[in-house]
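Chemist: Sequence:
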Amino acid sequence: MGQQQVKKLLELALLAGQIMCESQAESYRVEDTMNKILSLSQAAFAVGCSFSTNLLAIIDDPKFESGAFVGVKRITSHSNNLNKIGQVTRITDYFVQGQLDIDQTYTLLYNIRSGRNLYNPNRMALGIWGMTFCFTFLFDGGPFEGLTAAINGLVLALLFLGSNRFNFGTFFTNVIQASVVTLLPHLFQMYLWPDLASGTVVIASLMPLVPGTPFTTAVRDLFHEDFIAGSSRLVEALLTAGSLALGSIIAFLILEGVFI
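If you want the numbering used here, it's the 1-based position in the sequence shown plus 1.
Careful: at least some of the hints might be erroneous.
Unchecked claim - Label pairs and their computed distance ranges (CB to CB):
#	residue 1	residue 2	range
1	102	55	25 to 31 angstroms
2	250	73	35 to 41 angstroms
3	229	171	17 to 23 angstroms
4	253	8	53 to 59 angstroms
5	120	256	30 to 36 angstroms
Stated by the list, open to error - Keeping only pairs whose Cα atoms sit at most 27 angstroms apart, straight-line, the calculated DSS-like set for lysine-lysine is:
#	residue 1	residue 2
6	74	8
7	37	8
8	8	64
Derived from the structure by calculation, the hints contain no laboratory data. Virtual Cβ for every residue (Gly too), placed ideally from N, Cα, C.
When you get a sec, could you build the whole thing from the sequences and use the hints?
Modeler: Right under this line is the structure:
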């Protein structure tokens, strides 16, 4: 394989790893995909490493006159997207099996990263509303709890669309969302329905915001002894959980009259 092809192979591995990291794939899965691609160089040394927020790929061989090929990629955004993870894995397997050439594979991966998500923001907002409403009945809520949860879910959906449009910070957005969905059910209980199980509605409303997938991914990385990546993801999950807790605390302080 020529050195120009080796360079393309390095870029391809970094692109595949970048898509998977941004889609919250486990580090061992990212490294496995990158190493499958890099191994096709048949170089003496070819390895890819994932650190959750950074990617590193190296291809080196004594026959390389210009020295080793090294690539580093910074990961600046994360969002759960199992569809993209599955697509990258499938395309990589086709490439490794020889069903696709390097240029075709790069084009397909580039289109995956730059293309639209499977679900647009409006559908995701509808899903948030539906989760909030349905979780209420899962936690033994009644008709009034369901109605309150529907209102809470609508507020959550609107806040999600607003944050998605204006690119508010994740921490700030979580604090605002948690504050609002904690405050509204208690206000309904105080002024409309005294028998309303406000706690049930609050818990159901917070469920779409809980960082369950990042926490699970962090634990899986830690069990695979990817301590750097696992610790990074765990901190991210705890930060999200902390922002939700802070938002709820602010709501209770408002209800107690601390801020009013």
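Chemist: Does each hint fit the structure? Answer for all of them.
Modeler: Here's how the hints hold up against the structure:
1. 102 / 55: 25 to 31 angstroms: 29 angstroms, holds
2. 250 / 73: 35 to 41 angstroms: 40 angstroms, holds
3. 229 / 171: 17 to 23 angstroms: Roughly 21 angstroms apart at Cβ, these two residues keep to the hinted range, so it holds.
4. 253 / 8: 53 to 59 angstroms: 57 angstroms, holds
5. 120 / 256: 30 to 36 angstroms: For residue 256 against residue 120, whose Cβ atoms are near 35 angstroms apart, the range 30 to 36 angstroms holds.
6. 74 / 8: 15 angstroms, holds
7. 37 / 8: 15 angstroms, holds
8. 8 / 64: Roughly 14 angstroms separates the two Cα atoms, so the pair holds.
Going through the hint list in order, the structure satisfies each hint without exception.
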